[in-house]
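4 protein chains.
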Amino acid sequence: TIKHLFKQIFKASLELQEIDYERTLLVSRKAHPENTVVNINGETVGDGVQRFVMGPCAVESYEQVREVALALKEHGLTLMRGGAYKPRTSPYDFQGLGVEGLKILRQVADELELSVITEIVTPQDVELALDYVDVIQVGARNMQNFELLKTVGSVKKPVLLKRGLSATISEFINAAEYIMAGGNDQIILCERGIRTYERATRNTLDISAVPILKKETHLPVAVDVTHSTGRRDLLLPTAKAALAIGADLVMAEVHPDPAVALSDSLQQMDIPQFHDFMNELNAFKERLV
Amino acid sequence: TIKHLFKQIFKASLELQEIDYERTLLVSRKAHPENTVVNINGETVGDGVQRFVMGPCAVESYEQVREVALALKEHGLTLMRGGAYKPRTSPYDFQGLGVEGLKILRQVADELELSVITEIVTPQDVELALDYVDVIQVGARNMQNFELLKTVGSVKKPVLLKRGLSATISEFINAAEYIMAGGNDQIILCERGIRTYERATRNTLDISAVPILKKETHLPVAVDVTHSTGRRDLLLPTAKAALAIGADLVMAEVHPDPAVALSDSLQQMDIPQFHDFMNELNAFKERLV
Amino acid sequence: TIKHLFKQIFKASLELQEIDYERTLLVSRKAHPENTVVNINGETVGDGVQRFVMGPCAVESYEQVREVALALKEHGLTLMRGGAYKPRTSPYDFQGLGVEGLKILRQVADELELSVITEIVTPQDVELALDYVDVIQVGARNMQNFELLKTVGSVKKPVLLKRGLSATISEFINAAEYIMAGGNDQIILCERGIRTYERATRNTLDISAVPILKKETHLPVAVDVTHSTGRRDLLLPTAKAALAIGADLVMAEVHPDPAVALSDSLQQMDIPQFHDFMNELNAFKERLV
Amino acid sequence: TIKHLFKQIFKASLELQEIDYERTLLVSRKAHPENTVVNINGETVGDGVQRFVMGPCAVESYEQVREVALALKEHGLTLMRGGAYKPRTSPYDFQGLGVEGLKILRQVADELELSVITEIVTPQDVELALDYVDVIQVGARNMQNFELLKTVGSVKKPVLLKRGLSATISEFINAAEYIMAGGNDQIILCERGIRTYERATRNTLDISAVPILKKETHLPVAVDVTHSTGRRDLLLPTAKAALAIGADLVMAEVHPDPAVALSDSLQQMDIPQFHDFMNELNAFKERLV
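Residue numbers (my numbering), protein chains in the order written: chain A, 1 to 289; chain B, 1 to 289; chain C, 1 to 289; chain D, 1 to 289.
It cannot be assumed that every hint is accurate.
Below, computed lysine to any residue pairings styled on SDA-like, alpha-carbon distance capped at 20 Å [what the hints assert, rightly or not]: (1) C/LYS150 to B/TYR92; (2) A/LYS30 to D/TYR92; (3) B/LYS30 to C/LYS150; (4) A/LYS285 to B/GLN50; (5) A/LYS215 to B/ASN184; (6) A/LYS215 to B/ARG202; (7) A/LYS215 to A/THR78; (8) B/LYS73 to B/GLU111; (9) B/LYS215 to A/ASN35; (10) D/LYS30 to C/ASP233; (11) A/LYS285 to A/THR78; (12) B/LYS30 to B/ASN184; (13) A/LYS150 to D/SER90.
If you are wondering where the hints come from, they were derived from the structure by calculation, not from laboratory data.
Please read these numbers as outputs of a predicted model, since none were measured by experiment.
Kindly produce the complete structure, drawing on both the sequences and the hints.
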């Protein structure tokens with residue numbers, strides 16, 4: 001029938017268009033079938049080995065960062081996260097130590113041979129950050145801060161790009177394209193939960209995003225289990241799910257004393273909890289390989 | 001300070017209230033710390049061994065069901081799903097074979113020693129279903145069809161209760177309470193994806209719901225990877241995540257010829273895909289134990 | 001170019017398909033351009049005059065219903081709502097008076113010459129309800145209880161169909177189609193808020209649904225301002241918006257003493273608030289005409 | 001009982017905390033009961049008179065802007081919108097004319113005595129914008145670009161702040177607080193639809209946000225009917241609803257030739273449609289007063 005014929009043409013046309021658009025995207029796996037491996041001071045992300053990045057929500061002091069960093073070293077971790085600039089809903093909440101925080105992170109990292117990943121929130125700060133930071137994080141609230149994306153796309157530093165609070169996967173991929181279009185292909189995509197009606201968790205971890213992003217792009221994919229759940233008791237099970245589904249990197253927050261943390265105290269692990277977490281997770285990971 | 005004092009009293013009061021309410025719930029783990037094990041003709045769900053339930057979306061014919069059932073047997077599976085009553089958005093879509101479908105399921109199940117799980121959509125049909133069905137499924141659209149919940153709560157048959165399209169975990173638990181309040185504790189909770197703004201998947205698999213439901217209730221938890229993703233290419237990765245996070249049961253759809261399936265053709269595996277799926281999943285599962 | 005040609009064919013094909021599908025729908029304005037006017041004991045809904053339906057959330061006693069009904073009469077209202085069967089999240093919440101509630105509604109309605117609209121939650125109760133009720137309400141949780149839709153489609157009683165908690169407009173229209181396919185075209189569609197991430201209101205009133213439903217179907221459209229907002233202080237402003245955007249009917253809840261109401265106490269108006277509400281709303285309505 | 005006592009203390013404590021927090025907010029009506037009136041070159045927003053701001057999505061040329069501006073003048077409008085910097089999902093979409101666009105807007109505005117409102121997307125551009133712009137718009141994607149908020153808070157220019165794609169009302173209010181904390185109280189809040197599962201509209205217009213924002217803050221509230229619906233056929237009905245519910249300002253997009261518009265072509269009115277729209281809306285508005 002003519003209706004059927006139309007349908008066939010319609011499908012063919014649709015597929016052609018999609019392939020066409022995907023080909024134009026630099027981040028697309030259609031354009032570039034091999035995995036991009038991000039190199040962070042010699043440590044690689046995206047090469048098939050699953051890694052971890054841990055640290056406090058916010059940098060509060062040299063002692064706090066060092067204590068966490070020492071715990072990381074015990075498990076052989078080399079990537080440390082920590083916030084110096086904290087985007088906060090209220091202007092009266094702790095906004096981070098700023099450049100002071102960057103210096104603390106760098107000092108501890110140099111002393112203990114770690115790499116530092118930290119969020120930068122405005123294009124002006126990117127150049128300054130290059131001196132202190134090993135990976136620039138673009139946070140969820142800035143996923144469509146296109147000026148920031150363009151700026152981090154123009155520098156020679158790996159970027160960890162977090163999915164926006166309610167960004168579609170397609171918008172997420174296009175945000176990465178902004179960075180890569182600027183010449184920087186050292187991008188890690190980070191699923192960190194999306195906003196839904198459910199209130200049992202802070203956000204809803206969209207675990208399916210991991211295989212979709214791995215299929216659609218050639219970039220490594222991280223899962224932030226802390227911000228996606230907002231619950232300490234869910235960090236271990238969701239981290240296992242993230243490893244099982246193929247995430248390249250798992251991110252979580254640790255604080256020497258979460259009860260007095262200046263931000264997000266309810267969701268951070270303390271040091272003993274972190275050791276248990278890493279032990280269980282490493283045992284799990286070994287079984288997977 | 002007095003403000004701090006208030007805060008402490010407030011917290012204590014809140015906790016007391018919560019514990020209080022949870023204690024009143026029969027499904028709550030606070031009231032009943034041990035796992036409930038659901039017994040389906042001798043096969044158990046909820047005892048720590050992770051199991052699978054597979055089958056076509058809709059029952060279309062004896063031959064179709066038998067072909068799928070034979071594939072199930074090859075992998076030692078004993079639980080078969082298949083829809084006889086299909087709740088469909090449009091009244092002009094295929095509505096299922098009804099009682100004819102129940103008979104086909106029973107016949108094939110008896111011939112091959114399988115157990116049958118199928119959806120019942122209205123209280124009147126529950127009694128009839130008792131003769132044909134081993135587990136009554138209450139579908140997502142009926143999670144708050146309270147008359148249906150009361151009816152399946154009053155019979156001696158295991159029930160698989162699917163989470164509603166946009167049900168909170170709390171509402172889901174309360175729906176199970178309706179069943180258990182009627183005297184039936186043989187309940188399996190099934191996460192099947194929630195409705196969000198994301199369009200890359202049919203629904204968003206809320207993987208965190210699994211550990212939350214395991215913690216809050218003593219009931220076994222299933223994950224339906226077919227309806228949560230709506231994408232064949234995501235069945236395997238999400239099934240792995242479900243196993244890793246501790247689901248007791250994984251559900252997926254198989255059809256001898258998905259392209260001509262009378263419902264949900266895009267998301268069902270064909271038989272060779274099913275064999276690959278089971279082989280990979282069983283290998284993965286063995287590594288986990 | 002061939003790409004452009006494909007695009008044109010694609011668009012033409014798409015439009016043909018859509019028109020085709022819409023033509024098959026009995027509720028579609030494409031199939032039936034004139035407004036359907038629902039006749040409730042001589043009172044009409046859908047004829048261009050905007051009307052109100054008010055009453056308590058749940059029927060609690062003859063005295064309570066009569067007190068509210070008398071308040072309605074003062075403003076010349078003829079449609080009274082009130083729940084006899086209450087779908088409640090928890091099995092331990094007040095479930096309604098059942099048939100006793102239907103009798104109270106009928107008695108008061110007969111004494112004061114009002115029409116009664118009340119929710120029926122299961123197909124078995126529909127026949128019984130015919131003796132007591134002037135409009136059968138299908139509630140949000142039952143919008144895709146297809147057996148119930150088929151049953152109310154087969155009787156000669158107007159139906160008020162509420163949009164599901166997270167139903168799309170397309171699913172809503174198809175649910176109405178289930179009723180009309182059974183032979184009953186006396187259907188009022190009721191927008192009652194959808195589930196979103198926002199917590200300032202109980203649900204999010206999707207006000208745009210009103211003009212869309214009026215355009216896509218020939219059925220009258222109601223707005224339930226109580227359940228969409230869940231806040232007494234928003235009843236008046238949202239009711240004004242509903243009238244301004246063209247709703248045929250505005251629904252809200254009144255209770256003689258909301259503080260002791262057995263359900264939804266926070267969102268019901270008391271009698272003096274109701275008088276103020278109606279006075280302001282009638283003044284507003286007069287200005288619109 | 002002791003439980004009841006706890007409950008009372010808990011409630012009292014909660015109320016105290018809330019009042020306390022609200023009092024600390026400069027934007028809160030609790031702290032400042034009178035309406036803030038925003039003054040734009042002598043035109044006021046927030047004084048009880050309902051106004052309109054119209055213009056093209058993106059500035060494309062002097063001729064295009066002038067043609068739209070002349071249409072605005074016919075209806076006595078004084079506020080013109082138009083985008084010079086366009087945040088676009090894809091880096092390959094039209095990104096706006098930048099400073100060239102600002103100059104065009106200024107020139108046309110000066111020639112025709114209009115005021116210009118336009119989006120600025122990065123802190124660096126704010127100072128430059130002061131020379132060209134009468135109201136700085138902070139767009140939905142930048143609602144939590146806190147550096148941008150701080151910057152526009154430190155200048156002497158009115159700001160129109162759009163609600164984020166999936167921002168809660170509470171987050172929206174806190175974003176305004178960032179601006180006011182910097183010393184700038186000339187803020188207009190703009191509801192522009194939120195992201196939900198519904199696909200019939202581009203976003204879901206959260207009409208209830210208008211009375212909530214008017215109650216919680218002392219700032220004027222605008223409704224952008226173009227971005228909230230994404231549908232030309234819904235502009236008029238939603239604009240009426242916005243006026244009925246008490247919005248201070250209604251925003252919509254007009255383009256001389258929407259079919260060739262470089263952005264958002266489907267949702268912009270052409271000039272004749274704009275005249276009809278304004279005529280109907282003005283007639284409606286007069287009836288309301």
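- request: Check each numbered hint against the structure and report the violated ones by number, ascending.
  value: 3, 5, 7 and 9
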